[in-house]
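One line per chain: the protein sequences are E and L, in this order. First residue of the first sequence: 1307, per this note's numbering; consecutive thereafter. First residue of the second sequence: 156, per this note's numbering; consecutive thereafter.
It is worth saying that the hints were derived from the structure and are not from the lab. Think of the CB as a built atom: it goes at the ideal place given N, C-alpha and C, for glycine as much as any other residue. Be a bit skeptical, because a hint or two may be false.
As the list claims (entries may be wrong) - Short, incomplete list of chain E residues facing chain L, as computed with Cβ under 10 Å: (1) Gly1388; (2) Ser1390; (3) Leu1539; (4) Asn1542; (5) Ile1568; (6) Glu1679; (7) Ser1699.
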Amino acid sequence: MPKNSKGREVAEIIRKKCSGCHACIGECPVDAIDIVDSVVFIEPEKCIGCGKCVPVCPTDSILFNKPLKKVSEAVPTKSTSGISEYKGVAVYIEARGNVAADVSWELVGKARELAAKLDTQVYGFVLGQNVANIAHEAVYYGCDKVYLMESPLLQTYFSRVYGKALTQLTNEVKPGIMLVGATSLGRDLASVVATHLKTGLTADCTGLDIDPNEKLLLMTRPTFGGNIMATILCRNHRPQMSTVRPKVMRMPSRDLTRKGEIIEVKFNGKVEEVPRIIETITLDPSSIIDITHSPVLVVIGKGACDSRDFSMFEELAGLLNGTIACSRPLVEAGILPYARQVGQTGKTVAPKLYIGIGVSGAVQHLVGMQSSEKVIAINADRNAAMVKVADYSLVGEYQKVVPELIRGLKARTANFQFQGAK
Amino acid sequence: MHIVCCIKQVPDTTQVKIDPVTNTLIRAGVASITNPYDLVGVEAAIKLKEKYGGKVSVITMGIPAAKVQLRECLSLGATQAVLISDRFLAGADTLATSLTLSSAILKLHADDPVQIVICGKQAIDGDTAQVGPGIATRLGFTQLTYVSEIISLDKEKGLITVRREIEGGSQVVEAKLPVLLTVELELGAPRYASLPGLVRAIREKIETWTAKEIETPPEIVGLKGSPTSVRTIFAPPPRKGGPVFESSSGLEKAVDSLLNELFEKESLLVQEIIKVDGKVEHAKEQ
């Protein structure tokens, strides 16, 4: 236990564990805590050894051994008595014209898992105009009850009016959990609704689960540029809200025999001034390079940066419905655009399948892809860092390995009937 | 025209290194910077000020050291800077942060009506993109998120036209002031500070407001006013290497063994990826 010059036992930070959340700074009555190099620092000469900073630390990063009086948890003062009224897992079903965004169904699939653990129901919230068909689809994908709010005011999405509508619906239905797809629309809407409801919202969760003891929603998300993961709780406010990026959760099956109830709800909103959309430009989806959303990435590294071989990589990517990405040296050499770069200074990706061709696996690259589901390394060097972390590795000259891989894949897939992309 | 920019001091996440032994973040020695998205917003505000007149106020909630970031904005040409700093404000989540910042904006508004608030699309440390929409909701301003271009501003009619990035394309939208914009990097890189700008930035007094001054009771801001709390943080589990197939012992055999393993052990994944109709188990019979 460290002591200061006055002989007082003082608190000390375990720098490696500190998340830099500042929570302790607010607790310190003598302003002895400051941030140095993004980590909390406790000035020993100022510290009076009261220990108030210890219980608020989410990561147990404060060393302090003096026995503490039980401090009541620092939680918002909003009454927690009404929480038990909030039940069920709701999913906001994002309507695009008269079809729903795929991410909404992925969330319905996840909501079913969560609802099973809580022994409760899954609700679908469908808002818009002429979207009744989506409500039926919501049943097929797994909703027990679908609340359908149709109004001419909801013809086009605007954050304010949709925010009011979804807030009204949430206040009437009182779900314990509400999930929203983290599309550009969903991220706006979820934040507006959480602000109206004065509840907690956790963005871009990659993992959702239920705490078996407390029955709370455990929301896990990458933070700090994807370098660390944090599990977040919303203990005393309802609904517990979370947004999830597309393609993070698995698509559930559509079952036409499923039965569910569709309940129509009237929107209480009034006509108000909305922004005017002058023009909408839709780009050809094939012209958009978005390596963060592609389920399969064929990643080219320094060991395979001969542009003459690119037709071969494209063929492989094409067979797997994948996208070409790369490591930093290829961008620096001007071979591929920055939009395709994976890694610390590029994009953080988490595809279902990552195939690295001639990627050595520098730390800066690995942090940008370590959440990939499965990794295949093709590398001439058996001792490359990428080979050490890959689920499967093929050691050999890529000029020979890749054509053989293409041939093997073709032989296997030729026997199957392709459904073709929808 | 009074424009308010909200900025955040963030650790430079591009400098972060990973401890190869513990697979945890080495944070010591990482410099603090102004969130790059926020700086793009400040640049846009200064351009608007140069074209249409008025003033640009820059605010941040943070520790006293965040004055460095405010001075950077002053050096680019912001009119005034305010630090909102109080131990009651520490540990805030996005709900408490949007309350604090909107309260500060209201205080500025009382002095000189605010027409435009600009925030970065998101901060590079938290990546939530929630604070901007939260502030707009509390202020009752129209929110225009993911703005990549400010096309025009009509001071007389009080109209602003911007381009927003949306799924699969973009949208040109006209809205009535007051508005809150959250901005993309495409809006334009910040300028370099001029020498007079730097000198001014050092001399300018930065006001500091406490929770009391922005009239926010301690129980609704900071850690106490935050519905969400962090339960644990952890490094993503380190990946363990799997089987290695050497082509030196026969290329065809190596590729074949890899594909066999893949189609057997990862059949679900393979099915999903190549959208195969029928069961993957058939592969073995061929």
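Structure versus earlier hints - violations, ascending order: 1, 2, 5
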